[in-house]
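For reference, the chains in residue letters:
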Amino acid sequence: MKEQALKNRKSDEKLFDTVVNIIAALLVIVVLYPLIFIVSASFSDPAAVLNGEVVLLPKHFTLAAYENVFQNKQIWNGYGNSIVYTLVGTAINLIMTTLAAYPLSRPDLPGRGGIMFLITLTMFFSGGLIPTYLLVKSLGMVNTMWALIIPGAIATYNLIVMRTYFQSSIPWEIQEAALIDGCSNWKLLTHIILPLSKPILAVMVLFYAVGHWNSFFNALIYIRNKDMYPLQLVLREVLMVSQDDAVVSNVGLENKVLLAESIKYAVIIISSLPVLVLYPFVQKHFVKGVMIGSLKG
Amino acid sequence: MKSTVNAPGVAPRPKSRRSSLMKAIGRRYDLYLMLLIPIVWYVVFQYGPMYGLQIAFKNFNPAKGILDSKWVGFEHFQRFFESYYFWRLLWNTVSINLFSLLFAFPIPIFLALLVNEIRNKAFSKMVQNITYIPHFISVVAMVGMLLLFLSPRGGPLNTLIQAFGGQPVRFLDLPGWFKTIFISSNIWQNMGWQSIIYIAALSGVNPQLYEAAKMDGASRLRRIWHVSLPGILPVIVILLILDVGHFMNVGFEKILLMQNNLNMESSDVISTFVYTTGILKGEFSYTAAIGMFNSVVNLMLLVLVNRFARKKAETSLW
Amino acid sequence: MHNHRGKTIVITMIASSLALSGCNSSGGKKDADNAGTNGGVKTAGFPIVQDPIKLKMFTRTAPVNGPFADMPVFKDYEKMSNIQIEWTEAPTDGFAEKKNLMFASNELPDALYRSGLTPMEAVRYGSAGQLIPLEKLIDTYAPNLKKLMDTYPEIRTGITTPEGHIYAIPGIVTVNAARTDKRWINQAWLKKLNLQIPETTDELYEVLKAFREKDPTGSGKNDVIPMTARGGLAIVNQMAGSFGLDFQLGYNINLENDKVNIWMGSDRNKELLMYLNKLYSEKLLDQELFTQKEAQYLAKQGSGKTGFFFDQTNNPMLDTKVNDQYVGISPVKGPHGDRLQSNAAPVARDFGAFAITSENKYPEATMRWIDYFYSDEGSTLLRFGRQGENYELKDGIPYYTDAFLASGNQAKITPYAGGGAPHLISEKVASFINPPQVQEAQKKLDPFMPKVKYAAPMFDEQTAQKINTLRNDIDKYYDEQSTKFIVGALSFDKWGEFQSTLKKMKLDELQQLYQTTYDSLKKQK
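Protein chains in written order, with numbering that gives the first Met the number 0: chain C, 0 to 296; chain X, 0 to 317; chain R, 0 to 524.
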């Protein structure tokens, strides 16, 4: 009897495994299909795409869309800008967030509860667009890269994640011992904590860099000069903003529009590549790095 | 989370609380020094603009500045409450987020549990890595993809519908579809990413608990229910609270990009209304009032949920 | 905001002066007798100032434009005037945001160029003191503009507030043909299918139906677009005249015996929307009408697959094979015998094109600087660039040289491309936008232009704020619901509900406000 039960359980287990694997496979397909479609469409003849002939694989393979993107100065200019904004922005984010997260992770810091509360409050209550704009303007940052970087120097959510990591992954006893040995807090941070914190630093780099790379709204508000537009604003123009209501003589407008249709797919791919490339390097740190807990304690 | 541990060198029972506190602060002055720049930043960039919120109660005249503009009390609030669009905006804002909470919130948990149950480690890793990918697509690219994917001309979904003899549907022009599209594309984009945090939490669940459950003859489903879920419950609750904390603001950029005159009926939310009326039409005070209303409702929700969670789940944000 | 195009550009009051009368205002001639100076600013003659000065101007650049500083017009004019302009350029996309935020933060340039200020913005920022009143400056330092305002009194009334201030000056169009969209129909298709030019709404319906069903392109595919228009609700403005609906006072208003009648909830409008709904649901009207972008629309004009559409010029069709296929027709007659070309802009076509801010230290010089472009000479420089290099004169009329047109840089060198530039468009500079084909099309419209056209009046600040509050809700509602009626997302059973909601939104109060303003306008005359 017992054997029978065990057998039953074994077959139950097997069934369970099968169901799990099938659901997972379905999920993978659902996630992958739209991505494959975009890739395939980008390599296809735009007319074939418009006629619905592209289903899974490219039809009438062509690189025309990519050639056009490569010739588009605006896109490359945006690319360059986005790289600069992302590098500088992420560096500042990292420094600022670490400077805030580490002290606030220390259980022996008087007043940290109150500070933490005031910091968290800003996640839920803010001054709004106009007052923020007035502030940024009064600091002379409008139409400079700093308007995209300084007002977002710390993301409170990331601060909480980093603080949680410091609290839970680096034993307080080590820190205590170092302090008793006469190690200063700065040295403790730079020589002991940070080397032990590679996973969280990697995760932060990814969080912030992706955020910078993908943001467009602040640039729409703060950046006036078209040469300073980040990639996402150029992308937005390509993908969805109407062209001007110009009384213009434009030669071969129809071809231009067909072409504009076809480069949409290519632009989506080219603009998403850098973060996708960044991701595998950071990926292994995720499970260790991302943790979140209560703000108290 | 660690509970407070006595700092090194601090006497266990100080004579005077104040003097020992001063000592404790003095000894860690360099920690405060580290905090200095971030705190200055918070004061300037987070609390500074809150000073500007007073324009919600004024007729803001830019030439005169914030301080010297005329007070008008609750006039702008009243105008908003009496506006034809008040209920629609409120309903759209609340319903989009409520449906997100109902449908989009549980899915990453489900995914994490699923990934955790996959025996084949390579497959498990693959599922994880693939479901993360969409997260890296920007809002702009995401909405662009939606436009292309749902396009009546050559969009695969409509190609499919036509293959079955149906008429192409202009999904993005139909108010009835807006919320579904918005939320399901959010799920598609973020489920993998959001599941990371749960997967991390699951890896921290004590394996002995599983063994014990196994000994008791619990099936896999029961083990998930009785061991895995309780193991990550605190994380679930914290994330739920954080989500509610953004209840009234979620998705502004994406909604703005997806909006058009045809789907406005269900896509018009408070944050986009503030943007179009405030920035595009220059009604600064009126929209500051609307924004403030939004924030206050949001904060109240947060406090409520936090209190509820503390009582029922014994976990809370603070 | 293409869907508001028709509404917002109807700005000034056109008092029965729609004939193509003497438009060759003889601006640009420098009167030698009043070459006095004021703060170093001469009231006539160049240079405007003896010692060079620098002005900061905020402007909008269209995607087709090159940098303003590189345009020959501004390069040459800088040498001529001794005034150097430092441009702050904001692209069309995001311009409205930046303009309003600039006012909000009160960090102003010296002047706004091609700023597209709305009357509401002009009043708001004017009474806040951020824009300075220009009426006195115009009297002394803008002889060309002043002459135009004397020739066309409706310009002045259209831009002056009840308090007597002018906060922004408009782009002025004295060429009739540049103020209204032509109705272009595909005559090749008509011929092929053996159809007559439609004269009534019913005939138009039949023609469009034939276009759709009888494969006029002979492609064997069902790929024609019988009728299209600019994205959004522009179609309503185009067809309103056939249902007796006019656009007076710059809004959805009919004037009958001095009574202001806002017709949004009227039966006539219901008929119009039902007609459009019929066209839309039978796929006679472009299915992409409400989402299409300008570039797509322009491309359709030259694609050879479009049966009937509306545009001011034939420019988008130029250089395509199909240019000759299209001919302009008259508005069709509606079920009640109405036949109006109600969608016409006033002489002061582009409101709020230029304004001077309180920051400006040289308002006199600035006014003189802009005034030049209200002369034929200045407008030629602005629109055509350099003689020889960009254009040549034929019978005293400038034409782009073929070599320059072939370079494809036409729109790069002039700030008029992209619309809304502060200058004069007269017969003299219209060779490019008003070729014979367009003139012919315009002739078909002339008999049906409304006899009297009042355009959006300027309100005092308080009324403006009230109207603004009311219209914010009403217009949004009206636009959304009209769109839904047309595409069939909302059944006409709901018309009663639509009417009562408009009422709830205080349409009556809005009508009363317009009535009062109209009455006082009448009295002024």
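Think of the hints as simulated: they come from the structure by calculation, not from any bench.
These numbers were taken from a predicted model, which means no experiment stands behind them.
Among the hints, erroneous ones may be present.
To give a feel for the contact side, a few chain R residues facing chain X, derived at Cβ under 10 Å [what the hints assert, rightly or not]:
1) Phe45
2) Ala103
3) Thr117
4) Glu120
5) Gln129
6) Phe289
7) Ser302
8) Ser357
9) Lys360
10) Leu404
11) Phe447
12) Ile473
List time: in silico DSS-like cross-link candidates among lysine-lysine, alpha-carbon distance up to 27 Å [as the list claims (entries may be wrong)]:
13) Lys258(R) <-> Lys503(R)
14) Lys220(R) <-> Lys208(R)
15) Lys280(X) <-> Lys220(R)
16) Lys225(C) <-> Lys55(R)
17) Lys280(X) <-> Lys136(C)
18) Lys58(C) <-> Lys505(R)
19) Lys55(R) <-> Lys258(R)
20) Lys220(R) <-> Lys178(X)
21) Lys9(C) <-> Lys124(X)
22) Lys9(C) <-> Lys213(X)
23) Lys120(X) <-> Lys283(C)
24) Lys78(R) <-> Lys258(R)
25) Lys465(R) <-> Lys63(X)
26) Lys280(X) <-> Lys186(C)
In this text, a Cβ means the ideal position worked out from N, Cα and C, and glycines have one as well.
Evaluated hints:
{"no.": "1", "hint": "Phe45", "in the structure": "violated (34 Å)"}
{"no.": "2", "hint": "Ala103", "in the structure": "holds (5 Å)"}
{"no.": "3", "hint": "Thr117", "in the structure": "holds (9 Å)"}
{"no.": "4", "hint": "Glu120", "in the structure": "holds (6 Å)"}
{"no.": "5", "hint": "Gln129", "in the structure": "holds (5 Å)"}
{"no.": "6", "hint": "Phe289", "in the structure": "holds (6 Å)"}
{"no.": "7", "hint": "Ser302", "in the structure": "violated (14 Å)"}
{"no.": "8", "hint": "Ser357", "in the structure": "holds (7 Å)"}
{"no.": "9", "hint": "Lys360", "in the structure": "violated (17 Å)"}
{"no.": "10", "hint": "Leu404", "in the structure": "violated (33 Å)"}
{"no.": "11", "hint": "Phe447", "in the structure": "violated (29 Å)"}
{"no.": "12", "hint": "Ile473", "in the structure": "holds (9 Å)"}
{"no.": "13", "hint": "Lys258(R) <-> Lys503(R)", "in the structure": "holds (21 Å)"}
{"no.": "14", "hint": "Lys220(R) <-> Lys208(R)", "in the structure": "holds (15 Å)"}
{"no.": "15", "hint": "Lys280(X) <-> Lys220(R)", "in the structure": "violated (45 Å)"}
{"no.": "16", "hint": "Lys225(C) <-> Lys55(R)", "in the structure": "holds (18 Å)"}
{"no.": "17", "hint": "Lys280(X) <-> Lys136(C)", "in the structure": "holds (20 Å)"}
{"no.": "18", "hint": "Lys58(C) <-> Lys505(R)", "in the structure": "violated (56 Å)"}
{"no.": "19", "hint": "Lys55(R) <-> Lys258(R)", "in the structure": "violated (46 Å)"}
{"no.": "20", "hint": "Lys220(R) <-> Lys178(X)", "in the structure": "violated (36 Å)"}
{"no.": "21", "hint": "Lys9(C) <-> Lys124(X)", "in the structure": "holds (25 Å)"}
{"no.": "22", "hint": "Lys9(C) <-> Lys213(X)", "in the structure": "holds (12 Å)"}
{"no.": "23", "hint": "Lys120(X) <-> Lys283(C)", "in the structure": "holds (14 Å)"}
{"no.": "24", "hint": "Lys78(R) <-> Lys258(R)", "in the structure": "violated (53 Å)"}
{"no.": "25", "hint": "Lys465(R) <-> Lys63(X)", "in the structure": "holds (22 Å)"}
{"no.": "26", "hint": "Lys280(X) <-> Lys186(C)", "in the structure": "violated (53 Å)"}
Checked against the numbered hints given earlier, this structure breaks hints 1, 7, 9, 10, 11, 15, 18, 19, 20, 24, 26; the rest are met.
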